[in-house]
Amino acid sequence: MKKYFLIMKSYCKGSFMNQMEYKFNFIVGGSFELIWMIMYIVFIDVLFLHTESINGWGKYQMLMLTFQGALMDSIFTFSIVPGLKRLPEMINMGTLDFILLKPVNKRFQISCHEWDIPQIKNIIINIFGITYCMKKLNNKITTIKFALYLLLSINGFFMIYSIMFLLMTLAFWFMRMDIVMGIGSELITIGNKPISIYPNFIQKILIYILPILVCFNFPVLYLVSGLKKYFIGYSLFSGILLFIISNWIFHRGLRRYIGAGN
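For the sequence shown, this note's numbering begins at 529 and goes up steadily by one.
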């Protein structure tokens, strides 16, 4: 574990030094996501000018869900997207060899070898946003409750990661995978909306087939209104299952890979 922490630290430092070569890009990096979030917060404020709740969701509950989704998106963009989005190119060009030959976990190496440092400011802003909403909601949050909220949030992050990793590994079978990251953004947009706005049939699809709502809604629901033990258990089970499935597909894809030297 210590070895991987040191590797991540080294990659993070290298990414910081590379991005500092283009100082303007470094300063404005991540601004698009920040602007989008501000616009969405204004939109929510306008929605609640004439009503106190929408399908059972109050203003600060919806704001917390917005910050929750934005936090997970910014962490994902910070730590995973820069490396993972290059996987199809590495497969097609045969440059995946350089990663496969290194004596570290292949999946870790692919996912975390590059970082988007400017996203740190979005991560901090979203954490403050969630904290602000917690205070406004005046819910009694015990240490155990907060710890389980963190566990559900981390589990949700790894579920999003597993889904995106699975989609990107399809590049072992298909040449053009440029659209996949766009699909990932749309999935996040769908997932960070209140679960109750979707019809029951769609809810079941987005919980049991493509569990996007589990990633974003469940942590917030647990914290603000409670979540049945069944759904807590299902959330953790789904996270483990998705990780195993994505790992299995990745190793199946590696069998098809033809390196530059072949």
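Worth flagging that the hints you see were computed from the coordinates, not collected in a lab. Among the hints, a few may not be true.
Claimed, not checked - The calculated label-pair distances, taken between Cβ atoms and stated as ranges, are:
# : residue 1 : residue 2 : range
1 : Tyr532    : Lys664    : 34 to 42 Å
2 : Leu534    : Leu629    : 14 to 22 Å
3 : Ile682    : Tyr736    : 29 to 37 Å
4 : Glu714    : Asn583    : 19 to 27 Å
Claimed, not checked - Restricting the straight-line Cα-Cα distance to at most 20 Å, the calculated cross-link-like pairs of lysine to any residue (SDA-like) are:
#  : residue 1 : residue 2
5  : Lys537    : Asp644
6  : Lys630    : Ile786
7  : Lys613    : Lys757
8  : Lys664    : Lys537
9  : Lys630    : Val752
10 : Lys664    : Gly584
11 : Lys757    : Lys630
12 : Lys663    : Tyr750
13 : Lys663    : Ile569
14 : Lys634    : Trp776
15 : Lys613    : Val752
16 : Lys664    : Lys757
17 : Lys664    : Tyr568
We treat Cβ as the ideally placed atom computed from N, Cα and C, and that holds for glycine.
Hint-by-hint comparison with the structure:
Checked against the given bound of 34 to 42 Å, the beta carbons of tyrosine 532 and lysine 664, roughly 38 Å apart, stay inside it. Restraint check, leucine 534 to leucine 629: a C-beta distance of roughly 19 Å satisfies the suggested window 14 to 22 Å. Judged by the Cβ atoms, the range 29 to 37 Å given for isoleucine 682 and tyrosine 736 is violated: they are separated by roughly 21 Å. Hint check: glutamate 714 to asparagine 583, Cβ distance near 22 Å, so the stated range 19 to 27 Å holds.
Proximity of lysine 537 to aspartate 644 is assessed by CA-CA distance (about 13 Å); at most 20 Å being required, the pair is judged to hold. Between lysine 630 and isoleucine 786 the CA atoms are separated by roughly 17 Å; this keeps the pair inside 20 Å, and the hint holds. For the given pair, lysine 613 sits about 36 Å from lysine 757 by alpha-carbon distance, which is inconsistent with the 20 Å threshold. Restraint check: the Cα-Cα separation between lysine 664 and lysine 537 comes to about 36 Å, which exceeds 20 Å; the hinted pair is violated.
Simply put, lysine 630 and valine 752 have alpha-carbon atoms about 45 Å apart, too far for the 20 Å limit, and the pair is violated. Annotation: proposed proximity of lysine 664 to glycine 584 holds, straight-line Cα distance about 17 Å (limit 20 Å). Proposed proximity of lysine 757 and lysine 630 is contradicted: the alpha carbons are some 42 Å apart, above 20 Å. Restraint check for lysine 663 and tyrosine 750: satisfied, since their Cα atoms lie roughly 16 Å apart, inside the 20 Å limit.
Simply put, lysine 663 and isoleucine 569 have alpha-carbon atoms about 17 Å apart, close enough for the 20 Å limit, and the pair holds. Pair hint lysine 634 plus tryptophan 776 holds up; C-alpha atoms about 13 Å apart against a cutoff of 20 Å. The hinted pair formed by lysine 613 and valine 752 fails the criterion: a straight-line CA distance of about 35 Å is larger than 20 Å. For the hint pairing lysine 664 with lysine 757, the CA-to-CA distance comes to about 26 Å; that exceeds 20 Å, so the pair is violated.
Proximity of lysine 664 to tyrosine 568 is assessed by CA-CA distance (about 19 Å); at most 20 Å being required, the pair is judged to hold.
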